[in-house]
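Knowing the structure of chain Z, use the given hints to seat chain E on it.
Protein sequence lines correspond, in order, to chains Z and E.
Residues in the first sequence are numbered consecutively from 1, following full-length UniProt numbering.
Residues in the second sequence are numbered consecutively from 1, following full-length UniProt numbering.
Check each hint, because a few of them may be wrong.
[To be verified] Here are the in silico distance ranges between beta carbons for each label pair:
| hint | chain 1 | residue 1 | chain 2 | residue 2 | range |
| --- | --- | --- | --- | --- | --- |
| 1 | E | 10 | Z | 246 | 23 to 29 Å |
| 2 | E | 34 | Z | 258 | 30 to 36 Å |
| 3 | E | 20 | Z | 91 | 50 to 56 Å |
| 4 | E | 49 | Z | 264 | 17 to 23 Å |
| 5 | E | 60 | Z | 265 | 43 to 49 Å |
| 6 | E | 54 | Z | 205 | 27 to 33 Å |
| 7 | Z | 123 | E | 60 | 41 to 47 Å |
| 8 | E | 24 | Z | 89 | 45 to 51 Å |
| 9 | E | 58 | Z | 74 | 45 to 51 Å |
[To be verified] A few chain Z residues facing chain E, derived, Cβ under 7 Å:
| hint | residue |
| --- | --- |
| 10 | 48 |
| 11 | 49 |
| 12 | 139 |
| 13 | 160 |
| 14 | 189 |
| 15 | 190 |
| 16 | 247 |
| 17 | 256 |
[Stated by the list, open to error] Footprint (simulated), chain E over chain Z, 3 or more residues, beta carbon under 8 Å:
| hint | segment |
| --- | --- |
| 18 | 165 to 176 |
| 19 | 191 to 204 |
These are computed hints drawn from the structure, not numbers from a lab.
Here a beta-carbon is modelled for each residue, glycine too, at the ideal position from N, C-alpha and C.
So the chains spell out like this:
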Amino acid sequence: MTNETTNAVSLSADEIERYARHIVLRDVGGPGQLKLKRARVLAIGAGGLGAPLLQYLAAAGIGTLGIVDDDVVSLSNLQRQIIHGTPDVGTPKVDSAAAAIARLNPHVNVICHRERVTADNVRALVAGYDVVADGSDNFATRYAVADACFYERKPLVTAALGTFDASLTTLRPFERGPDGTPNPTYRCLFPSPPPPGTVPTCEEAGILGALPGVMGSLMALEVIRAIVGFGEPLVGKLLMVDARSMRFEMLTYGWDPDNPLNGTAALTAG
Amino acid sequence: MSMEAPAAAARIRVNGADELLTASTIAEFLSQRGLDPAGRGIAVARNGQVVPRARWQDEPLGAGDRIEIVHARQGG
Numbered sequence: 001m002t003n004e005t006t007n008a009v010s011l012s013a014d015e016i017e018r019y020a021r022h023i024v025l026r027d028v029g030g031p032g033q034l035k036l037k038r039a040r041v042l043a044i045g046a047g048g049l050g051a052p053l054l055q056y057l058a059a060a061g062i063g064t065l066g067i068v069d070d071d072v073v074s075l076s077n078l079q080r081q082i083i084h085g086t087p088d089v090g091t092p093k094v095d096s097a098a099a100a101i102a103r104l105n106p107h108v109n110v111i112c113h114r115e116r117v118t119a120d121n122v123r124a125l126v127a128g129y130d131v132v133a134d135g136s137d138n139f140a141t142r143y144a145v146a147d148a149c150f151y152e153r154k155p156l157v158t159a160a161l162g163t164f165d166a167s168l169t170t171l172r173p174f175e176r177g178p179d180g181t182p183n184p185t186y187r188c189l190f191p192s193p194p195p196p197g198t199v200p201t202c203e204e205a206g207i208l209g210a211l212p213g214v215m216g217s218l219m220a221l222e223v224i225r226a227i228v229g230f231g232e233p234l235v236g237k238l239l240m241v242d243a244r245s246m247r248f249e250m251l252t253y254g255w256d257p258d259n260p261l262n263g264t265a266a267l268t269a270g
Numbered sequence: 001m002s003m004e005a006p007a008a009a010a011r012i013r014v015n016g017a018d019e020l021l022t023a024s025t026i027a028e029f030l031s032q033r034g035l036d037p038a039g040r041g042i043a044v045a046r047n048g049q050v051v052p053r054a055r056w057q058d059e060p061l062g063a064g065d066r067i068e069i070v071h072a073r074q075g076g
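Isolated chain Z (complex conformation):
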């Protein structure tokens, strides 16, 4: 409460009615809703995962939503990327998503980054936000974002899709667990990308449209948790979903001293 004047954010009567089902929750309440309004969240990709992610974050009243995507809406996106509609085909995805968000919740400030994430721009992009959610469609972006969020000390919620399988985790490797061990990085799970061409993209392999719907919604839940702070985040936990047999498995993973970001060698090099 040190800086109430510069941080003065309040909820209008309209917002109090809109967010009534959040505000009545003991774990969110008015203070939690104000945290959501003050929050700046960056979504990497406005595709299969980004669509439901952005819709639920917008509906939840995130104050500022950044969207990074350099693509335009195509007809074959619409089977799963439900933030875009048929009239949006040919439109930049950031613009189509921004228009949908404005219809859903005019209280959300949307920042469109119509560009590709690269090693050169990624740190500046994530630095401007409080929480990052990665729903991108390629390994190069995923590693660039995960590394940048480590260096910029930003919580990262990241999900990825196979054809019928998917996974979700939350990364806070710039912090330590209760026993003093650093939290794991993405590279503690997968130290380096698989050889090029060995893992197909959604474009090549296909994807059941409802699966990103589930995973993108779970991403939104993790982002909201990171902002409001209830329950237990998926830090050091990987949720694996196998949609063929509806198998949900929670795996735990820890800091790997061999990882290149905050492993023993990196920490001693300081």
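Chain E only, in chain Z's frame:
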């Protein structure tokens, strides 16, 4: 209960499916399945806990273990 279940027929679960246990370590298990021994793009969990790759050579497999092979995915 005559000749059933000899000691050799130990079983494990691999990504939710029942299998015969034929390897004694994670490394041997991956090599039998033709997976990249360097493990690029793969994580392996034994009984719910991801095993760091530095331990793959030594991490034993035993009857009843639950193994998950996690493939890195890029789709979004």
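Hints, verified against the model:
As the Cβ distance of residue 10/E to residue 246/Z is approximately 28 Å, the hint placing it in 23 to 29 Å holds. Take residue 34/E and residue 258/Z: their Cβ atoms lie about 24 Å apart, and the range 30 to 36 Å is violated. At roughly 54 Å, the beta-carbon separation of residue 20/E and residue 91/Z lies within the given 50 to 56 Å, and the hint holds. For residue 49/E paired with residue 264/Z, a C-beta distance near 20 Å keeps the hint of 17 to 23 Å intact.
A hinted range of 43 to 49 Å is violated for the C-beta pair residue 60/E and residue 265/Z, which are about 28 Å apart. At roughly 31 Å, the beta carbons of residue 54/E and residue 205/Z sit within the given window of 27 to 33 Å. Checked against the given bound of 41 to 47 Å, the beta carbons of residue 123/Z and residue 60/E, roughly 42 Å apart, stay inside it. The beta-carbon spacing between residue 24/E and residue 89/Z, approximately 55 Å, falls outside the hinted interval of 45 to 51 Å.
A C-beta distance of roughly 49 Å is found between residue 58/E and residue 74/Z, which places it inside the suggested range of 45 to 51 Å. The beta carbon of residue 48/Z comes within 6 Å of a beta carbon in chain E, closer than 7 Å, and the hint placing it at the interface holds. The interface hint given for residue 49/Z holds, since its Cβ lies 5 Å from the closest Cβ of chain E, which is under the 7 Å cut-off. For residue 139/Z, the interface hint holds, since its Cβ comes within 7 Å of a Cβ in chain E; the closest pair sits about 5 Å apart.
The interface hint given for residue 160/Z is met, as the beta carbon of that residue sits about 4 Å from the closest beta carbon of chain E, less than 7 Å. Because the closest C-beta pair between residue 189/Z and chain E is about 5 Å apart, less than 7 Å, the hint holds. For residue 190/Z, the shortest C-beta to C-beta distance to chain E is roughly 4 Å, which falls under 7 Å, so the interface hint holds. A cut of 7 Å between beta carbons decides the hint on residue 247/Z: the least distance to chain E is about 5 Å, and the hint holds.
Checking residue 256/Z against chain E: minimum C-beta separation of about 5 Å stays under 7 Å; hint holds. Note: the segment 165 to 176 of chain Z has 3 residues with beta-carbon separation from chain E under 8 Å; the three-residue rule is met and the coverage holds. Beta-carbon proximity to chain E at under 8 Å applies to 9 residues in the segment 191 to 204 of chain Z; the threshold of 3 is reached and the given coverage holds.
The earlier numbered hints that this structure contradicts are 2, 5 and 8.
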